[in-house]
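Engineer: Protein chains in written order, with my numbering: chain L, 1 to 153; chain X, 154 to 306; chain D, 307 to 459.
Among the hints, a few may not be true.
Below, computed lysine-lysine pairings styled on DSSO-like, alpha-carbon distance capped at 30 angstroms [to be verified]:
1) X:K196 - D:K432
2) D:K360 - L:K126
3) D:K432 - L:K126
4) X:K241 - D:K394
5) L:K43 - L:K62
6) X:K195 - D:K360
7) L:K88 - D:K394
8) D:K368 - X:K196
9) L:K88 - X:K279
10) X:K195 - D:K368
11) D:K349 - D:K368
12) L:K54 - D:K348
13) D:K360 - L:K54
14) X:K279 - L:K43
15) X:K195 - X:K159
16) X:K279 - D:K432
17) L:K43 - D:K349
18) D:K360 - L:K62
19) L:K43 - X:K215
20) X:K196 - L:K42
21) D:K348 - L:K62
I should point out that these hints are in silico values taken from the structure, not numbers from a laboratory.
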Amino acid sequence: MSVYEKLQALNIQLPAVAAPAAAYVMHAQMGNAVFISGHIAKKDGQVWVGQLGKNLETAQGKEAARLVAIDMLATLQDACGGDLSRVKRIVKLTSLVNSTPDFIEHHLVTNGASELIAEVFGECGKHARAAFGVAQIPLGACVEIEMIAELHA
Amino acid sequence: MSVYEKLQALNIQLPAVAAPAAAYVMHAQMGNAVFISGHIAKKDGQVWVGQLGKNLETAQGKEAARLVAIDMLATLQDACGGDLSRVKRIVKLTSLVNSTPDFIEHHLVTNGASELIAEVFGECGKHARAAFGVAQIPLGACVEIEMIAELHA
Amino acid sequence: MSVYEKLQALNIQLPAVAAPAAAYVMHAQMGNAVFISGHIAKKDGQVWVGQLGKNLETAQGKEAARLVAIDMLATLQDACGGDLSRVKRIVKLTSLVNSTPDFIEHHLVTNGASELIAEVFGECGKHARAAFGVAQIPLGACVEIEMIAELHA
Numbered sequence: 001m002s003v004y005e006k007l008q009a010l011n012i013q014l015p016a017v018a019a020p021a022a023a024y025v026m027h028a029q030m031g032n033a034v035f036i037s038g039h040i041a042k043k044d045g046q047v048w049v050g051q052l053g054k055n056l057e058t059a060q061g062k063e064a065a066r067l068v069a070i071d072m073l074a075t076l077q078d079a080c081g082g083d084l085s086r087v088k089r090i091v092k093l094t095s096l097v098n099s100t101p102d103f104i105e106h107h108l109v110t111n112g113a114s115e116l117i118a119e120v121f122g123e124c125g126k127h128a129r130a131a132f133g134v135a136q137i138p139l140g141a142c143v144e145i146e147m148i149a150e151l152h153a
Numbered sequence: 154m155s156v157y158e159k160l161q162a163l164n165i166q167l168p169a170v171a172a173p174a175a176a177y178v179m180h181a182q183m184g185n186a187v188f189i190s191g192h193i194a195k196k197d198g199q200v201w202v203g204q205l206g207k208n209l210e211t212a213q214g215k216e217a218a219r220l221v222a223i224d225m226l227a228t229l230q231d232a233c234g235g236d237l238s239r240v241k242r243i244v245k246l247t248s249l250v251n252s253t254p255d256f257i258e259h260h261l262v263t264n265g266a267s268e269l270i271a272e273v274f275g276e277c278g279k280h281a282r283a284a285f286g287v288a289q290i291p292l293g294a295c296v297e298i299e300m301i302a303e304l305h306a
Numbered sequence: 307m308s309v310y311e312k313l314q315a316l317n318i319q320l321p322a323v324a325a326p327a328a329a330y331v332m333h334a335q336m337g338n339a340v341f342i343s344g345h346i347a348k349k350d351g352q353v354w355v356g357q358l359g360k361n362l363e364t365a366q367g368k369e370a371a372r373l374v375a376i377d378m379l380a381t382l383q384d385a386c387g388g389d390l391s392r393v394k395r396i397v398k399l400t401s402l403v404n405s406t407p408d409f410i411e412h413h414l415v416t417n418g419a420s421e422l423i424a425e426v427f428g429e430c431g432k433h434a435r436a437a438f439g440v441a442q443i444p445l446g447a448c449v450e451i452e453m454i455a456e457l458h459a
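Generate coordinates for the entire structure from the input sequences, incorporating the hints supplied.
Structural biologist: Here's what the structure looks like:
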């Protein structure tokens, strides 16, 4: 199955590319590497505000991370000139979880993104990763994730 | 206008390259990619200590981020063997803002760096970015930023 | 001295490669670049739980960072197909220190990793770096570090 067949099977429609919240761009390419800017969690078009360990459960954070991954795929598609089949590999995710000092399940939250990428890209979706808890995220979002992908030459 | 003409028009003199605070180097190259180490905010040669949301306003944080960018340009110039015209593109910034759990304007703080880079490099300065709040930064600095740049082959 | 002679001189035996705690892989390669996933601190096979500024001293954090570096070298060796002499350079470390808002010695903690890498790799071990304090780390670990290395073509 192609990436688009997998997205269809998962009933996922990629949204419009998110606009940058400030003086940067959503993706930048260097050689075959694409750097996807940090994407903050949104739900129904609004910033998903909250903090793990305070007012959000791990399952909600995981759903937020899954939605971030879908938004990142839309940006990656834009970086590919509209065709995700140009992606050779998802190389790296860095996941920032807005969390209290006693919350320790950032890895489970981040799986929301990693598992979606594995479903969509299969072997090419196997990525390195770092996940950790941060004091706060722009606009109060509960999760922010950035990505590095490799395109075919 | 060249990068140096733009720096002159902005009345910016690049400082001496910062010394590493520990057992690392300020930049490392891999292929055409230059990785610039995290630079902490300094003012008048001293670490700019403070926390957004506690004892610093967004405008002060933005000024700190701008000063960090100037220090990073000095380091990047060193990585280029003294000639910033070798820079093909500023690829990525990662900005860590020392902030309380209720401060949510990390993206506006970080614009202090992004806007300066846009002024100096124009199209080549359009970069991907992530910005978020951290619990603390070495020596108590209010902002720390790292950068990836691409050099001409 | 080769990397393995240096490891032997330091009386370091590389452990088995750590298993990922979630839906990712421990390393991913793009061109000659290897991205090593965030490794959390472990001691005697258990997660080293704690927070700098609360229940751990800087010297303990530095020892934790050194142990993380040893675990990362085992992962890097795996990425090299079992032969660390394929490493051309350690390019970048990003070090996340689980710390209270009043702890400011993240750079000294991180030296535990940087100094070991310098000892083992010499000139090829000179790396760019960022280190900062985070609100929390998966499973409560005191330190998490990720790495980028370049392999010989």
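Engineer: Among all the numbered hints in the text so far, which are the ones the structure does not match?
Structural biologist: Of the numbered hints given earlier, those the structure breaks are 2, 17, 20, listed in rising order.
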